[in-house]
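Participant: Take a look at the letters that make up each chain.
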Amino acid sequence: MIRVELRKLILSPRTWVTIALLDALPTLVAILLALTDLGPRPGTGPAFLSAVLSDGSLFPLAAIAIVLPLFLPAAVAVIAGDAIAGEAQGGTLRYLLIRPVGRTRLLVAKLLAVLAFVLLAVLVIAVTAYIVGTLLLGDQPLATSVSGSALSSSQVAWRTALSLCYATFSMLGVAAIALFLSTLSDSPLAAAMGALAFLIASTLLLTLDAANVLQPYLPTRYWLSFVDLFRDPILWRNVVRGTALQGVYVVVFLGAAWANFATKDITS
Amino acid sequence: MIAATGLTKRYGSLCAVDDIDLAVHPGDIYGFLGANGSGKTTTVRMLLGLVLPTSGSIRLFDEAMPKAAHQVLPRVGALVEGPSAYRHLSGHTHLSLLDGMGPGGPRDSRRRRIADVLDQVGLAGVGSRPVKAYSLGMRQRLGLAGALLRSPELLILDEPTNGLDPQGIHEVRDLLLTLNRAGTTVFLSSHLLAEVEQLCTRVGVLDRGRVVLEETMDTLRTPSGRTVVHTPDIGRTLALLGDRAEQYDDVTVTVRAPDPAALNAELVQAGVRVSALAPERRSLEQIVLAATGPSADRVDA
Amino acid sequence: MATIRRWCVVALGVALLVSLPVAISALPARDSEVSAEELLEKAQGSSDLSYSGLIESVGSLRLPISDHFTDVADLFGERTTMRVWWRGDDDWRVNRLSVGGETDLVHDSRGTTTWDYESNHATRTPTFDIRLPQASDLLPPALAQRLLEDAEAAEVNRIPAARVAGIDAPGLRLDPSEAQSSIDHVDLWLDPDSGLPVRVSVFGLSVEAPALTTTFLDVAIARPSESSTAFSPPAGVDSHFADFVDIAAAANEFAPVRPPRTLAGLARRPTTMGAVGVYGRGATLLIALPLWDRAADPLREQLATTPGAAKIPSGMTLAVGPLNLLLTGTAFEDHSWLFVGTVTPATLERATRQVFAHPPSLGHWVVTSGPR
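So the sequence lines, in the order shown, correspond to chains A, B and C.
Going by the working numbering, the residue at position 195 of the first sequence is 195; the numbering climbs one at a time, nothing skipped.
Going by the working numbering, the residue at position 249 of the second sequence is 249; the numbering climbs one at a time, nothing skipped.
Going by the working numbering, the residue at position 130 of the third sequence is 130; the numbering climbs one at a time, nothing skipped.
No lab work stands behind these hints: they were computed from the structure.
Glycine included, each C-beta is placed from N, C-alpha and C at the ideal position.
List time: in silico PhoX-like cross-link candidates among lysine-lysine, alpha-carbon distance up to 25 angstroms:
#	chain 1	residue 1	chain 2	residue 2
1	B	LYS67	A	LYS264
2	A	LYS8	B	LYS132
3	A	LYS8	A	LYS264
Where chain C lies over chain A, by a calculated footprint (3+ residues, C-beta under 8 angstroms):
#	region
4	50 to 61
5	145 to 153
6	253 to 265
Bound-form chain A, shown alone:
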């Protein structure tokens, strides 16, 4: 079943349009950086963006840092929000269910397909960014960790790979929320908007001192912790917590989706 979901994903023109749009922003940033040679002031702008001026091969990381806070989760919300509601709206949900497809299995397959989408998107972004970065931006290999120590190119490579995986995994929470909303509503748009609203609320609460108690539970809390993978030695604490938190979100919202969907009357 997951094979079919993946095929649907690959065959859907929307997948590729979304990825192209996601890809456009970092590419635009790279071009602007190359033309102006103006890096962001320290403490502002996305992580790694100042480093790419001298070492363009770090641009995949900067590109991920650019899309991670809003673009990527928005795309995930749209794709995951469409998972069930889109099938319902298109009328194909009833045909899937009478094949029969187990409803719980369908939810899991949909979530995995969204994960596959994120992985695909992240890979495309990273590869494009690497090409654009090495062509347009600095070519002095810096290979410096955030802590100022030297990194070998193999270290850079596997830490980058790990960061991409972490960024992908970080999207699971949003995906699960959107998937849950997708089982509530027959409108993919409503589900995506709902997940986005949740996301924006989470981002807002993170900036609020009064919400300190809530912060460890917010899905966006550990998103940017992939930077910790480039400290020396690697600071695993937040990466591990971020991964666990996404797991919790998947359990909770997939559970909620299951509770709502398993015996829902399909009238679409």
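Position chains B and C against the provided structure of chain A, taking the given hints into account.
Facilitator: Just chains B and C now, kept in the frame of chain A:
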């Protein structure tokens, strides 16, 4: 094959289906008749496990639904409330994706089975075109193809001829008859009386959530014990038959007479000219109209 | 019915998941029988310990920000996460983490290197007696060392233990005995075996919430490896030497004044011999900082627009939690005095009166080269 007892579905205070019993036997072409909004689609959805009954039980292939859906549904092909497909894909790809979902569609034979069903429903020439370029009738055929993909023993079809032109309707009818002769049981829900009348061996009539009639077509169509006589000699006929003539107009007399041959002999003997004579059979329309109330769409002031 | 049952299962799971960490952290920490004096002694004797770990400090002191003091304002007013490797007083490294980078202090016997990832800068500075607070002052052991300095047994009590970074740490409360102090009390929690302070909370007078809390999130009480405190500027990095880390160090070196031996009844610390006077003991701290006008004027302007700042005859005052500040008017030819510390506003005014009555000026600003 299908046995529903006491099936009820309530949406809040609205009772869409109210305590109905259905029995579809192997080999039947079962016509499930009902006006719009009479609960047909809800019943079909309940049979397929899409909607859960408020109370009552359903057995398909003698197994409880929706509990045994996983064993039962691969043996069922269905068309529910119009076809739908992934619009951006070709008909062929759509069927291939559909077949890949869920059990019962072996991968090694998929290509051949898809080619077969596309051929069966008459879409062999457009299987590679995207679905969004299909006409309404082509989509209906594609939906039918999807239902046939796994050579099901039971077909549950909701308005299968919707959107088809007269030739298309005829083709589908032939297809269903062929399939039925080969052993497929067909459950056909429709509001088109003519379609059911030409095709079905049994009918159930649903009116406002209740089954008001469930009978074999043969029983429904047995002669009513009256004979309709067409004659230019109305006066003489009436005089001859006395109160046996129950109804008459300018050219026909309806006579209470179970044997048309005997009646014919009697009339001819008496010198009455008979231009036509036949046992009276009620049309399905008459039967349904007699059994049901006004249309559910109708809203009187 | 089935739907309701499933929702119950999900609700139960959510409740469990959410309450589990709360419940674990609410489990009471194992306390020990150790007395306050013993604990104090242990803490005061822990200065030679080596350790490493992750630290979070949360300050609620919103300082008015002036160019020269931005770092200080961040340290005392925000949440700061630090990684530390402490091999000894002259061999340590403190990495102050930010979302997209970090600012590291790497210290050895000859000086301190500051590495800033985002600006790709490494700066080497010598060690000064007097400087503005920096990240390394907020490590629980360093802060506790300062606060407990010369603390007497009569000033400390036991408080319940707390679990800090997995350690069941017995608690100690310090109530400073000086009347001048604006610190109500300081709560400390120590590793029961080594005496290493693992959490320190500082409370101002009549305020419920701590003004500053610094705590280990992870700690290893063992000597970190030599490589962990090593730093050599990466190739292609801007690297330079600076004579002065900050304005306080510069003032201490060059201001042509010698502050009095006692100020507002507090004795001057013997360790500082420059122009900046440091008075008091432990939690009660008063600093007298001579500022030349180039630094004082912007600060004055800033104070004028800072909510809570007040103009008094002798200058301007500001109270930020237990931290009080008084900037004198330009009564002196080319400089002002900035009095700041964990003392009461009355103490600051007393200090001002004393300085006005006996101006400690010795001559003019001189420029010499700083120590290498």
